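**Q** One letter stands for each residue in the lines below.
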Amino acid sequence: MPPDMRIDLEGLVSGPSQVWGALRLVPLLRAEPVENLRLHSVAYGDAQRSRVQLTNTVSYYSYIPHGFVADWNRDAGDRQESAAYGTQVLAKDGAVQSMPVHFHRRMTQKQGKRRVRFLPLHLALEGYLALHFGGPTIAWREWSDRVIRHGLSPRTEAAYRGAVVPGLQDALRVFEIHEGQCGVLLYTGDTLAAAFVAPHPDDYRELHPTLLLDMYGELVYQYALMMPAVQEFTVHLDADRIDSLAGMRTAAAEQSRMWTRFHDTVMANALLEHEYTAERAYQMGDFDLTRFRPTFKPGEENHIGEAITDGAGRIAYLKTFRLSEAQIRRGYLLELLATHDWRLARAAASIGATSEDLRGRIRAAGFEMMLREKEK
Amino acid sequence: MAAEDVLLFVNAATASTGQREFHTDAAEQAISLEFLHEYMLVNYRELYAASLALGINDHNATLAIRRLLATGRDATAEQKRVEGALIARRLLLLPPPRVFRLFKALQRDGVNNRRTRAIVRDWMQALESPAFHAVKYRSGFKAGLKHTHTDIGDGELRDFLFGPLQRKPYTTRILETWRQAHYNSGALYNLPYTVAEGFAAKHGIKREVFLSRIGDRMTPLEKLRGGEEPLDPLELVYGTAKYCGPPAPWLTRLAVRILAMPLDERAASRAKLTRSLRSWAAHEAGELAGTWGRVTAVLDDSFSSFGSPVKRRRPLAVAVACHFLLEALAAPGEYTPLWISGHDDPLLTYPSGATPLGLRIIDALETAPERIVVVSDGWDNSPPGLAAEVLRVWRERLDPARRVDVVHVNPVFDAAALDVRALSRTVPSVGIRDAEDLVPLVELAQFAQGRVGLPELMRYLDGRVRRFLGAS
Numbered sequence: 001m002p003p004d005m006r007i008d009l010e011g012l013v014s015g016p017s018q019v020w021g022a023l024r025l026v027p028l029l030r031a032e033p034v035e036n037l038r039l040h041s042v043a044y045g046d047a048q049r050s051r052v053q054l055t056n057t058v059s060y061y062s063y064i065p066h067g068f069v070a071d072w073n074r075d076a077g078d079r080q081e082s083a084a085y086g087t088q089v090l091a092k093d094g095a096v097q098s099m100p101v102h103f104h105r106r107m108t109q110k111q112g113k114r115r116v117r118f119l120p121l122h123l124a125l126e127g128y129l130a131l132h133f134g135g136p137t138i139a140w141r142e143w144s145d146r147v148i149r150h151g152l153s154p155r156t157e158a159a160y161r162g163a164v165v166p167g168l169q170d171a172l173r174v175f176e177i178h179e180g181q182c183g184v185l186l187y188t189g190d191t192l193a194a195a196f197v198a199p200h201p202d203d204y205r206e207l208h209p210t211l212l213l214d215m216y217g218e219l220v221y222q223y224a225l226m227m228p229a230v231q232e233f234t235v236h237l238d239a240d241r242i243d244s245l246a247g248m249r250t251a252a253a254e255q256s257r258m259w260t261r262f263h264d265t266v267m268a269n270a271l272l273e274h275e276y277t278a279e280r281a282y283q284m285g286d287f288d289l290t291r292f293r294p295t296f297k298p299g300e301e302n303h304i305g306e307a308i309t310d311g312a313g314r315i316a317y318l319k320t321f322r323l324s325e326a327q328i329r330r331g332y333l334l335e336l337l338a339t340h341d342w343r344l345a346r347a348a349a350s351i352g353a354t355s356e357d358l359r360g361r362i363r364a365a366g367f368e369m370m371l372r373e374k375e376k
Numbered sequence: 001m002a003a004e005d006v007l008l009f010v011n012a013a014t015a016s017t018g019q020r021e022f023h024t025d026a027a028e029q030a031i032s033l034e035f036l037h038e039y040m041l042v043n044y045r046e047l048y049a050a051s052l053a054l055g056i057n058d059h060n061a062t063l064a065i066r067r068l069l070a071t072g073r074d075a076t077a078e079q080k081r082v083e084g085a086l087i088a089r090r091l092l093l094l095p096p097p098r099v100f101r102l103f104k105a106l107q108r109d110g111v112n113n114r115r116t117r118a119i120v121r122d123w124m125q126a127l128e129s130p131a132f133h134a135v136k137y138r139s140g141f142k143a144g145l146k147h148t149h150t151d152i153g154d155g156e157l158r159d160f161l162f163g164p165l166q167r168k169p170y171t172t173r174i175l176e177t178w179r180q181a182h183y184n185s186g187a188l189y190n191l192p193y194t195v196a197e198g199f200a201a202k203h204g205i206k207r208e209v210f211l212s213r214i215g216d217r218m219t220p221l222e223k224l225r226g227g228e229e230p231l232d233p234l235e236l237v238y239g240t241a242k243y244c245g246p247p248a249p250w251l252t253r254l255a256v257r258i259l260a261m262p263l264d265e266r267a268a269s270r271a272k273l274t275r276s277l278r279s280w281a282a283h284e285a286g287e288l289a290g291t292w293g294r295v296t297a298v299l300d301d302s303f304s305s306f307g308s309p310v311k312r313r314r315p316l317a318v319a320v321a322c323h324f325l326l327e328a329l330a331a332p333g334e335y336t337p338l339w340i341s342g343h344d345d346p347l348l349t350y351p352s353g354a355t356p357l358g359l360r361i362i363d364a365l366e367t368a369p370e371r372i373v374v375v376s377d378g379w380d381n382s383p384p385g386l387a388a389e390v391l392r393v394w395r396e397r398l399d400p401a402r403r404v405d406v407v408h409v410n411p412v413f414d415a416a417a418l419d420v421r422a423l424s425r426t427v428p429s430v431g432i433r434d435a436e437d438l439v440p441l442v443e444l445a446q447f448a449q450g451r452v453g454l455p456e457l458m459r460y461l462d463g464r465v466r467r468f469l470g471a472s
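Which chain is which? The protein sequence lines are S and L, in order. Heads up, the first sequence is in the numbering used here, so the first residue is 1 and it goes up one at a time. Heads up, the second sequence is in the numbering used here, so the first residue is 1 and it goes up one at a time.
Errors might be hidden in some of the hints.
[Claimed, not checked] Examples of chain S residues lying across from chain L (beta carbon under 7 Å, computed): (1) Val174; (2) Leu237; (3) Ala239.
[As the list claims (entries may be wrong)] Non-contacting residues of chain S with respect to chain L, defined by C-beta distances greater than 10 Å in every case (computed): (4) Ala326; (5) Ala338; (6) Glu356.
Read the hints as simulated data drawn from the structure, not as lab findings. Note that this is a predicted model, so its numbers are computed, not measured. Built from N, CA and C at the ideal position, the CB exists for glycine as well.
Okay, chain L solo, but in the shape it has when bound (with noise of 0.2 Å):
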């Protein structure tokens, strides 16, 4: 019972990010994750702190380190111990953003103990440039700084923070270039881009200019969200902009950006974008490259990939993105994908159609691989509740040795059922946010069926621990 429960809230937690999807809005799905965060805290509080190892996403990390942090009351001294170093290795992955918005909202629970103190001053202290943090993230770093009483000595940062501005000039760099940007516009352009934003907004630049001066002061993912001045996906493989914060998982996002381009620049482009995603994905795979055997993929295309409008095509760039990965781990030559529409390439594809998921897993089955990977929302609709018959018919009567081995991987977290949509139970079924994670949840997917008990998913899950907080 208790390893069907983690699970669940691991799949649920991988997959949602509390934003709308396909079939439910952002409130439904904030409700389900609120409940099952709460009830992992209160009956499985170990578990519920291990999960952050699992490669639950940022969304969900935030909300799970909020939780531990304010209830340390009921946390023995061991139990403590482990969720400091958990969260602690945790911050380190998230982007500085959410950081500082899980230090604001620690600020605005009235969670002030001394653990919280201590985690968010290493944190702080261990950043490699606070000058930067400090001028782009403000307000968030002097949150932080003022909830945990961190002392930052007496030098000109913490005078650019509280004092009363009258320093001058700075020694710091950024600091002066940033004290410069208030009267000389050309400064600005140093200075990081949600900043300069805010200064050339201040001189009345026009956008046009600002933004063809700023250009390579945006980070990558600034330059995909900007949208005036759309990013190159192959400058993302090959880029150059600075990056502050840890590697973000390219492959997702690539696939992301390419799918967000008109299906024309798609096709122009074709070539050097499969390369690219390939080339991706192989760096992806390591050394894991070519030992899968033989793989078919079958992978949703239907309408309902199209995802939500804040989540536009997420699922398809999953599928997209888990394609070349399968197609790297795969034996080479031996893989074969299956799209849901019947398209054969997945550089072109788009959300249409419904879901005829049983007959493209029948398909599937008859290419005799040694592996299947469904990646789908889970919605079976043509007709409805075939793929479940079709997976029960396989294992009970063509396959009952289990010598083909199925794996469904979900990207969409079904706020209703409050776990991802299952195809059958007798198919294991995970969440996925990106496809990076592919393989470590295939290799969980053993625990989702039910024929592994919690005291070896418990070893498991200690190993990843290990791992994780050995990583740091």
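Only chain S is shown next, with the shape it has when bound in the complex (with noise of 0.2 Å):
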């Protein structure tokens, strides 16, 4: 049974946003690192494409920029393996520059006694393509021969490279790194587009480019294409209340309060007020990495991710993925058929439409290979 989460951004605090075009980026501050945990990232290269293997018989190919690597208990020895400074390229994947496919052996790979190598993001969306692969679980008439043989294999999914996302370069250039920021919030079009939190601001610092080399949903890179210019809070101080220096300070202190309360309350509200279902993909030492994905709600800002969280749940590592409105709704019918256990008429029925509505909704969503032909 997956347990359930909540991002958990105690210890977190949101600064000042930065503006540029569409794109608003807004830091997250601590006033204390995470101790004992590091990041930094393994540059892969320019391989065209990486395929991963996940078990014997399932691999998982894409483009992987960049994977990261984790450093836990860094004072209790292991000191050799724990610098994060610089992006660093192993020796043993130096050869990848020419090679076509890299092979990673595992989305998270053990690298020494206290080190973990892990593919960002892509941990999160292979999550969500394994999602109920194997198909349905009885052979009902409904389904194909196929779905019932094979699974959903393959199940493919498109995302866009930050690179290509518009003004995301320009906007992570000219943004400002403030004393002691740990993550980001990024928005398109004042929607959310991702979260990324790191343990310590030096490796915030390192990973920041590294944003460029993200997945982004297909709204994302929309949004940012065609939204106008967003506005930026401006601070509003009231002349008639203040009377002197140390009134503007209390004012203007009152001001940047007003800007976290209303960020975290109304602006990310989507990511932080959703219940997640976790599954745990590497634990190391008190840390846990795990990977969520969250009740498919169409209609609604869905965000799948991974986070490393400490024994008390906060985070230490985040990063999220948007999906985009079809994402959504595969999601959302995968999950509806398994809770009924992949009876069409019962799911059908379950959210008050016909059998023949709900044979749409799959066709529409890309699963026509699910159906069976002969079955009207």
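Could you use the hints to bring the two separately framed chains together as a complex?
**A** This is the structure we're talking about:
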């Protein structure tokens, strides 16, 4: 039974946002860095496509521009491997430049005693792709032979690389990283596109440019392309209520608090106030690397992602991916069918529709191959 | 309205060099400048010409000169007379490479009226050593002569430029050295660096050998740019290297050079560098030293003060130079520098972090100064817009009598807004290129507030133009 989780950004305070065109970046600041966990990136060169072997029979193909390495328990020995300074290309992977396909053994792989390599976001996306990957658990008549035998394979989803999202490169370049900044929330057209949190400000500084190598959903790309420039939330001081410089300082601080409150409760609520289904991918000391997915709700903001949480459930590392509407529908349909034991009629009845409607929706979602043709 | 337009143009033409900045690229800068120049030329021709006396930077001065010379037919005789004098005077202040580039541009544009010819001829004939310029800037020199049909007589210089190169030996020393350098690799070390470089390649001399021997023929600027053997900033102060051309604003250049050094090196020679910057600032301040009273500076060393790869750390260097200049201008012991990042050592600053400009301005106001100078690119983002609000409320509620004089100098031209980014409507913002111009810019800033109208501005400009022309 997978545990439910909520995203708990305790210890992280959202700072004043910086705007570039349709993009808004909200820094997340930590007063104290998370101890005993560091992240750095491993560049995988220009391999066009990479293959990740998950089990002996299932493989995951994707363009993977970079991987993250997490070190934990830095202070308890293991010093040589704990430096997080500059992008490190490991000798083992040094030859990838000329290879068209890079072979990663697993999504998360142990590299040394207290160090694990994982592929950012791919971990989360793979969790989404593998959702009910085996297909119907009971061979009802409505499902095709193929899906009974082979499951949903192959499942594909497309995403945009950060470098092609219009303006993202400039937005990241001109963004002024705050002192103590450990994360960022990226908005396009003032809808949340992605969240990224690192355990330590130095890690964040190093990994800030890797946001450009990440994947972004279709919606993020379209909003960045088409939305007009967003407004800055500028400060307003009430002149009538200020009669000294100290008063001005208090009023300014109050304005900052107001922004933080507004941001956390209004702008980021779709991410923070959701229940997620979490799945642990790796355990490292006190920290858990988990990937999570939302309860898919068409028409709403849905984020999948991965996180490293400490024993108390606080976020040390977080990366999210915003699903497009079509992706949400696919997830929703699969979940719907699975909760009703893959019985089409019962699933249709539960949402107040006819079987025929549901068939139409399954077809429209791109799962036509699941349905048996003769059974009309 | 006119006063505002003029100041907007002067701001842009002082700060922008048409190069890439932190937030805008070179193309955007060029388009915005193009528009402003055209607008000024069409609407306020006299003021446009007068801006040549206002310390607009060399890039914009040549743009303005090109435009003025190309559109002579739209000007009256009186306008032409003043323009001619201003152009001639400004040409003398330009570094020779820029002047020759301007001549080539005039040739390309096909601008060849009587006035242009006269101005070019006068400039060329006023050269102290035409032979030196003919050798060092051969193609530009030739282009200028040919384009304006300037007569340089029948001497050997004419043979050098236009003849079939049969004369030997030349009696002029530099021409003779140039001739010998063709076959004698020892002679080339007596030529200007840029010319010698070509001969060194011809003779296959190794770069290191060449650089070690040519050293003292390099101008300080060439040394600065050379990179391979970067100049010790202290040498700049007491430098002996030959430099032809107008005196350069060394304070800002020195700051640029110092900021290019690694932090460790800066820390090691901190005392010496500080001393040299101080002495240079005292020199720049001149007789105004100590006359500004109690001064507080808010200096921007946020990440955006990095500038761009082509203007590395320029905004930060301007801030550092302004810091030392203000220290010299303020009454002794009455100067408070406030860096955005909270660091307090100007020599060890580096661009980093966000820009909490508003909070720093509150800090500055708390020091109860007579004058606040803000040196920043105006991208106030932590929280956004606080600086504007603080200044507004300060002016409205806490200091309606304007006891504190606040001025914002901005080293970055914001191409999208066609102006330097202002902090607030209540505080004047002026563009700055070199910290040395701080004093006249602060003078100019009073017009930027809109309190003083066009007639006063015209009178002020007249004064500046007279001083500018009289100084020749």
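**Q** Run every hint past the structure and note whether it holds.
**A** Cross-check of the supplied hints:
Checking Val174(S) against chain L by beta carbon gives a least distance of about 6 Å; that is within 7 Å, so the hint holds. Contact between Leu237(S) and chain L, as hinted, is supported at the beta carbon level, the nearest pair being about 4 Å apart and thus within 7 Å. Proximity of Ala239(S) to chain L holds as hinted, the smallest CB-CB distance being about 5 Å (cut-off 7 Å). With a least beta-carbon separation of about 36 Å from chain L, Ala326(S) lies farther than 10 Å from that chain, consistent with its non-interface assignment.
The Cβ of Ala338(S) lies farther than 10 Å from every Cβ of chain L, with a closest approach of about 47 Å, so its non-interface assignment holds. With a least CB separation of 54 Å from chain L, Glu356(S) remains clear of the 10 Å interface cut-off, as annotated.
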